[in-house]
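Build out the structure end to end from the sequences listed, making use of the hints.
Given next are the chains, with one letter for each unit.
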Amino acid sequence: MAKVTLTVNGRTVSGDCEERTLLVHFIREKLGLTGTHVGCDTSQCGACVVHMDGHSVKSCSILAVQASGSTVTTIEGLAGQGELHPVQAAFKEHHGLQCGFCTPGMVMTAVDMINRHGGNLDEATVRAELEGNICRCTGYHNIVKAVLAADAEMSAGRQAAE
Amino acid sequence: MGIEGIGARVTRKEDKRFLTGKGRYTDDMVVPGMKYAYFIRSPHAHARILSIDTAAAQAMPGVIGILDGKQLLADGIGNLICGWMIHSKDGSPMKMGAWRPLAADTVRYVGDAVAIVVADTLGEARDAAEAVVVEYQPLDAVIEAVDALKDGAPQLHPEAANNLIFDWQIGDASSTDKAIAEAAHVTTIEIHNNRLAPNPMEPRATLGIYDGAEDHFTCYTTSQNPHVARLVMSAFYNVAPENKLRVIAPDVGGGFGSKIFIYPEEVVCLWASKKTGVPVKWTSDRTEAFLTDAHGRDHVSQVKMAFDADNRITALKVDTDANLGAYMSLFSSSVPTYLYATLLSGQYAIPAIHANVRTVYTNTAPVDAYRGAGRPEATFLLERTVETAARELGVSPAELRRINFIREFPHQTPVIMNYDAGDYEASLNAAMAAADWNGFAARKAEAAGRGKKRGIGMSCYIEACGIAPSAAVGSLGAGVGLWESAEVRVNAVGTVEVLTGSHSHGQGHETTFAQLVAERLGVPIDNVNIVHGDTDKVQMGMGTYGSRSGAVGMSAIVKALDKVEAKAKKIAAHLMEADESDIVLENGELKVAGTDKALPWFQVALAAYTAHNLPSGMEPGLKEGAFYDPSNFTFPAGCYIAEVEIDPDTGTTDIVQFVAADDFGNIINPMIVEGQVHGGIAQGIGQALLEGVHYDENGQLLTASFMDYAMPRADDLPSFKLSHQNTPCPGNPLGIKGCGEAGAIGSPPALINAITDAIGTNALTMPATPQKVWKALQSAH
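Sequences listed follow chains A and B, in order.
Under my numbering, the first sequence has 128 at position 128, and the numbering climbs by one with no breaks.
Under my numbering, the second sequence has 208 at position 208, and the numbering climbs by one with no breaks.
Honestly, the hints are just simulated from the structure, not real lab data.
There's no promise every hint is true.
[Stated by the list, open to error] Here chain A is said to cover these stretches of chain B; the calculated rule only asks that three of the stretch's residues, wherever they fall, bring their Cβ under 8 Å from a Cβ of chain A: (1) 11-17; (2) 20-32; (3) 264-278; (4) 530-537; (5) 577-584; (6) 679-685; (7) 707-718.
These numbers were taken from a predicted model, which means no experiment stands behind them.
Think of the CB as a built atom: it goes at the ideal place given N, C-alpha and C, for glycine as much as any other residue.
Here it is, written out as structure tokens:
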């Protein structure tokens, strides 16, 4: 067994787990944060994307012990209680989700994408950046719209603040 | 239309929980004492089980129990069944081989479950499974339907000689043959419809909980129809009587048909919970999903379409071999028969049709309904044939379709269906205008200048949704009725709960069903809760598939709302001392027409529950239930156009535009309907360009992960241009036809017609991968 200590959604948490435990299983089973999903076994689907030290990672492709000491944000910690992050709000406004299973990973990927490309996203870039997240419901049409809308809104917000 | 009523583009009530990680799917469920299951599965496509040695595994850390098929059989757990009886043309019933939830003596496909290991952790269960020694005697396997029918082929089930399940026909052979013999032109084509993996993003999962004190079972499961699961597990699998079995399908992450069926794992986990005394949870990994979720399609058809000298279709003859895999899944027999061949008239007036369908066992995963279920196969066959005929006859594809469109309704086809309403030309015109069809020649010339081959293709689809009148499907062999139920509970403060037998797994029922209540009662949608997916809460229902939740499920709600409204009006008339016939319900008030007398909705609801002053003899309360049995199928139809550019050096297809023009009848929420079309088109494009399940000659699945099976990704797809035409369905109170499957039905032939137009050869099968397109191009030139 290994001891893992992480800061997750602003709280320091620690727990024991088997050495082979993946970060996603630690998050889901030890921390009870079941918003992070497992949709495949080959790091293809992206349902498990979280942010680790400010960057998106597929939490199925990293061991919990490797993540020990890092700061992790999951879908539950993206916005304050009862609030929606602008990306979450854009997914709702543009119907960028149906069954909701890929949604947490999509949203976390989209936030990271906007953080990196801030204000310079176009449809082709969004589609290329979403290559590691599979959705079976939406055909991506409304996800792309939502990401572009959130990017525009967040970039307008940044400009207003400057 | 109010701002939240029918036709309003309302954002979804259910979104917040999904967006914030608060969705609750089966694998998220945790109960005290819960343990984990791992299934030991056959690595052989066909083998006898000689022995199973669990001694070493039983002693491993964390192991609670290891159970096999012999124990299951000894405990009287029944075989999995197919619930739709089909008779062969000689009158004999379909030949259903035994499907044991855990194989006891023979395994018939790679992934066939052999034993279950229950342990403290999933890791320990996997470790122990590695230590179980199953000795197999491998047998020869057969993968393709056409091979399975040959003399000397390996035999799967003693019940089914030559692996033939049934040899069925529909329509009139002699008039069809006569028309073909007398035709001015006959188009002949072989059509392959590729095998697909449904792949909802949430893998299947189940949690079986046995309560020894109450002798009661609870089953959490990823189901599109929990009541049907309970019925089947009680009546046929002997798990428990219905009153001792609660089935809960909580949030479900997509289904596309694959979660209609009752699989071995639900049954085995419930039984294992009783045997081991602990709650047992199993969650499929993605490879298990590829191996064991029911696949879709897998048809090979020979087609002849006859034309007279005026290019009118005079006959269609179809001969189809359908691969049903190793066992007959729950509705597998209905898919290549009544959900397929009954749609072979398409949008066209065809006087004579005959179809023959042989269904076949092979050593592959069971095949059953996948988005569209039979209707994509019919549409692909028909629209590829019509397109091919247009090319042979030298007629434009639009013109050939226009000549043959059905223009008067109702229209009785030669293959059972009676189309109630439609305007096929309206969708064709809308699609051609949106695609700028007339400007294509210039775009093609421009692309040629860049060294690209540009093509355009259309497809005019029809489907039958809203399955279906119970008596009609009963006469065709269905083991269940296909009505739907609803209960509308108005609370004392006027808020509303709707209990529905429909199940939402992405379709947005919590929003659209609430919109219906808002429209009828004037209650804001935030004051309406939709309850579904739990057999302890909701009255018996039939679930969601075949685009039936609007046409059938919402019709049941309408019936219940009618009763609620009638009672509320009686109470209001009594309270306002008016005649009941003068009461109108408008904007959340019950008014006396032509006066300023009115009572707000909540006050009438409160009066129903205080019961201080009700009409003489009236029962207190405001709660009504209804069952709705449809009078006919519904017939959504439309026209899809794809325009592609092929790179002749690589064979790569770029979809430069995709247009969909659909007639779904009346629409409750256009935003949600558009989303359904987008998703369906993506799956159809996936089938046409990317997806295909492949087994090797020994029955090993080569496409068992997302690294081997090409799912459509964001950068494989364009944005889509959508429009809606509307001929309301006359058969149900809301005029709804259904929209869930159209995209997957209409898009594959449009794509393949476009690619074959671009490359100038018709010889191309799905998926049209770059390699196939490149090879076709080389052979054409």
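Hints versus structure:
no. : hint    : result
1   : 11-17   : holds (count 6)
2   : 20-32   : holds (count 9)
3   : 264-278 : violated (count 0)
4   : 530-537 : violated (count 0)
5   : 577-584 : violated (count 0)
6   : 679-685 : holds (count 5)
7   : 707-718 : holds (count 7)
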